[in-house]
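J.: Listed here are the chains, written in short residue letters.
There are 2 protein chains.
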Amino acid sequence: MGAARFLRGLLPLIEPRNLTVIVNTTDDESFFGLHVSPDLDTVTYTLAGVSERKRGWGLQGDTFRCLDALGRYYDETWFQLGDRDLATHLFRTEALRRGRTLTAVTRDIAKAFGLDCRILPMSDQPVRTRIEVRGAGTLDFQDYLVRRRARGEVRAIRLAGIGKARPAPGVLKALRESDAIVLPPSNPFVSILPILKIRGVKRALRDSGAPVAAVSPLIGGAPVKGPLDRMLAGTGHAVSSSGVASLYRDIASVFVIDRRDAAESRAIEKLGLRAVVTDTYMKTPARARKLAGTVLAELASAK
Amino acid sequence: MGAARFLRGLLPLIEPRNLTVIVNTTDDESFFGLHVSPDLDTVTYTLAGVSERKRGWGLQGDTFRCLDALGRYYDETWFQLGDRDLATHLFRTEALRRGRTLTAVTRDIAKAFGLDCRILPMSDQPVRTRIEVRGAGTLDFQDYLVRRRARGEVRAIRLAGIGKARPAPGVLKALRESDAIVLPPSNPFVSILPILKIRGVKRALRDSGAPVAAVSPLIGGAPVKGPLDRMLAGTGHAVSSSGVASLYRDIASVFVIDRRDAAESRAIEKLGLRAVVTDTYMKTPARARKLAGTVLAELASAK
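For the record, the sequence lines run as chains G and C.
Using the numbering used here, read the first sequence as starting at 40 and increasing by one per residue.
Using the numbering used here, read the second sequence as starting at 40 and increasing by one per residue.
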């Protein structure tokens with residue numbers, strides 16, 4: 040998850056208490072009766088330095104003995120839940136059943152991992168990404184992404200519940216009071232735009248007056264991981280950094296792209312965004328830190 | 040758990056389809072939002088030959104990585120839940136939430152372990168054992184047994200909900216149609232009597248006309264494991280096999296005791312029960328099988 044790597048690079052550069060991360064929850068899903076929030080957990084685990092870096096999800100060195108045993112009871116155990124990771128899902132599920140909000144549980148989990156920054160779900164109400172795939176109908180996001188490994192032609196991406204969702208407590212205030220806002224290198228359709236589409240979020244972003252920088256999730260015109268290329272194509276956008284930039288044109292003022300996509304600069308500038316060309320491939324934590332530093336510097340100069 | 044060991048000894052001696060095990064559920068408890076049924080699981084795991092024999096609960100070779108990770112979120116993780124064992128609790132909890140009965144879930148679990156015998160919870164309604172301990176108030180059973188390691192003087196044993204509980208579907212029919220009934224060597228207060236106290240159970244037992252044999256859980260006047268001695272003393276009963284026999288006098292006709300308690304025979308016979316003296320210590324599966332064989336022979340001759 041590019042966003043998590045970017046955040047991990049950002050963390051040493053700023054006072055953690057000044058960092059608020061607003062996280063997509065549209066790929067939350069229920070497995071074996073547990074409320075799983077993949078993006079929230081990836082952000083928390085990555086910021087805490089305990090995530091499985093290569094795999095991109097879950098906890099480092101985790102085992103899968105419970106999942107293996109679940110195979111005795113369930114036909115389908117394609118969603119990978121590690122034994123230690125399960126503790127987070129159990130805790131979250133039990134707390135939500137007791138009536139706590141996702142915001143409160145997310146805070147408790149971050150605290151349990153000793154994090155000082157603030158991690159907020161985008162909303163306490165459920166919003167779910169559904170992917171319409173040619174010939175396969177409309178799929179839940181994890182079904183599409185994990186079980187079917189994102190195969191097939193994307194015809195549409197829907198956000199069920201987006202109209203009714205309110206921003207989680209603290210989201211609008213954090214945006215309004217921001218000095219700088221980053222849209223990290225993530226899939227816009229299933230990670231960034233869902234947040235921006237929640238009632239009041241775009242307005243808060245504008246009201247803040249803070250500069251907004253987006254980092255392209257494409258490198259050399261292709262996603263580092265995941266089905267973003269199919270999603271761009273399937274929704275009528277160019278499969279390119281400028282294609283992504285067009286999604287943020289009314290929001291961001293700076294758009295950061297990789298050197299391999301330098302030729303896109305012109306098209307990006309035409310959209311009214313300032314194009315910044317740098318190395319965006321975060322192969323190591325050091326590179327993530329360097330990229331975050333560049334973005335912060337650009338934001339500072341954009342004020 | 041003596042009952043589970045006894046059942047494991049019994050299994051090779053009879054056609055599994057002819058065996059119905061009715062299991063106490065009064066020590067069921069909720070941990071981390073999961074519905075845990077310790078006695079049902081011990082019976083299922085033991086009959087399936089996958090239980091941790093020495094420890095007496097859980098699955099052989101199980102690990103505790105999730106429980107360890109739960110320590111990050113919860114102050115108290117004294118109830119031991121193995122990683123593979125967790126799959127059973129997750130499956131049960133989810134199925135119950137979907138509206139399935141404990142009876143149905145128990146059948147599914149037994150089936151998943153390839154068991155052909157029938158395992159029934161005593162009731163689909165919750166009944167809970169509460170132990171009143173001098174100076175500690177009234178405690179939930181697992182709190183008393185596991186967390187406090189059964190310390191302290193027992194003043195009373197209560198069964199919350201027993202008045203409202205109905206026998207699980209199949210329980211009365213199984214009893215009525217039985218050829219022989221065994222009360223295995225378990226704690227009468229928290230394992231056997233709760234079942235007998237459910238509305239209609241004693242009558243079904245009598246209506247069946249089947250001989251009933253009980254096996255004393257005491258050897259040499261002491262429990263092999265657990266706080267039965269304190270419970271007998273605390274409720275005004277003799278801490279002896281005849282003390283236990285007195286609890287079954289209106290139910291059983293045969294009472295099996297260990298050689299070390301042979302001197303109890305007379306007192307037992309006085310209660311109107313036939314005393315059978317044999318080796319009741321089930322140190323090995325072979326010994327459990329031998330004990331089960333003796334009990335079956337006594338039941339056959341008692342018809």
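Accuracy of the hints is not assured; some may be wrong.
Copies of the same chain look alike in the list, so a pair counts if it works inside one copy or between any two.
The calculated lysine to aspartate or glutamate pairs, modelled on EDC-like cross-linking and capped at a C-alpha distance of 20 angstroms, are [stated by the list, open to error]:
{"no.": "1", "residue 1": "K241", "residue 2": "D268"}
{"no.": "2", "residue 1": "K150", "residue 2": "D114"}
{"no.": "3", "residue 1": "K93", "residue 2": "E216"}
{"no.": "4", "residue 1": "K322", "residue 2": "D289"}
{"no.": "5", "residue 1": "K322", "residue 2": "D182"}
{"no.": "6", "residue 1": "K150", "residue 2": "E115"}
{"no.": "7", "residue 1": "K212", "residue 2": "E308"}
{"no.": "8", "residue 1": "K93", "residue 2": "D289"}
{"no.": "9", "residue 1": "K236", "residue 2": "E54"}
{"no.": "10", "residue 1": "K150", "residue 2": "D107"}
{"no.": "11", "residue 1": "K342", "residue 2": "E216"}
{"no.": "12", "residue 1": "K322", "residue 2": "E91"}
{"no.": "13", "residue 1": "K264", "residue 2": "D318"}
{"no.": "14", "residue 1": "K342", "residue 2": "D289"}
{"no.": "15", "residue 1": "K309", "residue 2": "D289"}
{"no.": "16", "residue 1": "K236", "residue 2": "D246"}
{"no.": "17", "residue 1": "K236", "residue 2": "D289"}
{"no.": "18", "residue 1": "K150", "residue 2": "D289"}
{"no.": "19", "residue 1": "K241", "residue 2": "E216"}
{"no.": "20", "residue 1": "K322", "residue 2": "E216"}
{"no.": "21", "residue 1": "K150", "residue 2": "E133"}
{"no.": "22", "residue 1": "K264", "residue 2": "E192"}
FYI, nobody ran anything at the bench for these hints, they're computed from the structure.
J.: Against this structure, judge whether each hint is valid.
T.: Consistency of the hints with the structure:
| no. | hint | in the structure |
| --- | --- | --- |
| 1 | K241 <-> D268 | neither (25 angstroms within a copy, 69 angstroms between copies) |
| 2 | K150 <-> D114 | between (36 angstroms within a copy, 14 angstroms between copies) |
| 3 | K93 <-> E216 | neither (35 angstroms within a copy, 60 angstroms between copies) |
| 4 | K322 <-> D289 | neither (30 angstroms within a copy, 76 angstroms between copies) |
| 5 | K322 <-> D182 | neither (28 angstroms within a copy, 50 angstroms between copies) |
| 6 | K150 <-> E115 | between (33 angstroms within a copy, 17 angstroms between copies) |
| 7 | K212 <-> E308 | neither (30 angstroms within a copy, 80 angstroms between copies) |
| 8 | K93 <-> D289 | neither (34 angstroms within a copy, 67 angstroms between copies) |
| 9 | K236 <-> E54 | neither (28 angstroms within a copy, 64 angstroms between copies) |
| 10 | K150 <-> D107 | between (30 angstroms within a copy, 17 angstroms between copies) |
| 11 | K342 <-> E216 | within (14 angstroms within a copy, 85 angstroms between copies) |
| 12 | K322 <-> E91 | within (14 angstroms within a copy, 45 angstroms between copies) |
| 13 | K264 <-> D318 | within (17 angstroms within a copy, 66 angstroms between copies) |
| 14 | K342 <-> D289 | within (17 angstroms within a copy, 88 angstroms between copies) |
| 15 | K309 <-> D289 | within (13 angstroms within a copy, 93 angstroms between copies) |
| 16 | K236 <-> D246 | within (16 angstroms within a copy, 68 angstroms between copies) |
| 17 | K236 <-> D289 | within (12 angstroms within a copy, 71 angstroms between copies) |
| 18 | K150 <-> D289 | neither (35 angstroms within a copy, 58 angstroms between copies) |
| 19 | K241 <-> E216 | within (14 angstroms within a copy, 71 angstroms between copies) |
| 20 | K322 <-> E216 | neither (32 angstroms within a copy, 70 angstroms between copies) |
| 21 | K150 <-> E133 | within (17 angstroms within a copy, 28 angstroms between copies) |
| 22 | K264 <-> E192 | within (17 angstroms within a copy, 63 angstroms between copies) |
The earlier numbered hints that this structure contradicts are 1, 3, 4, 5, 7, 8, 9, 18, 20.
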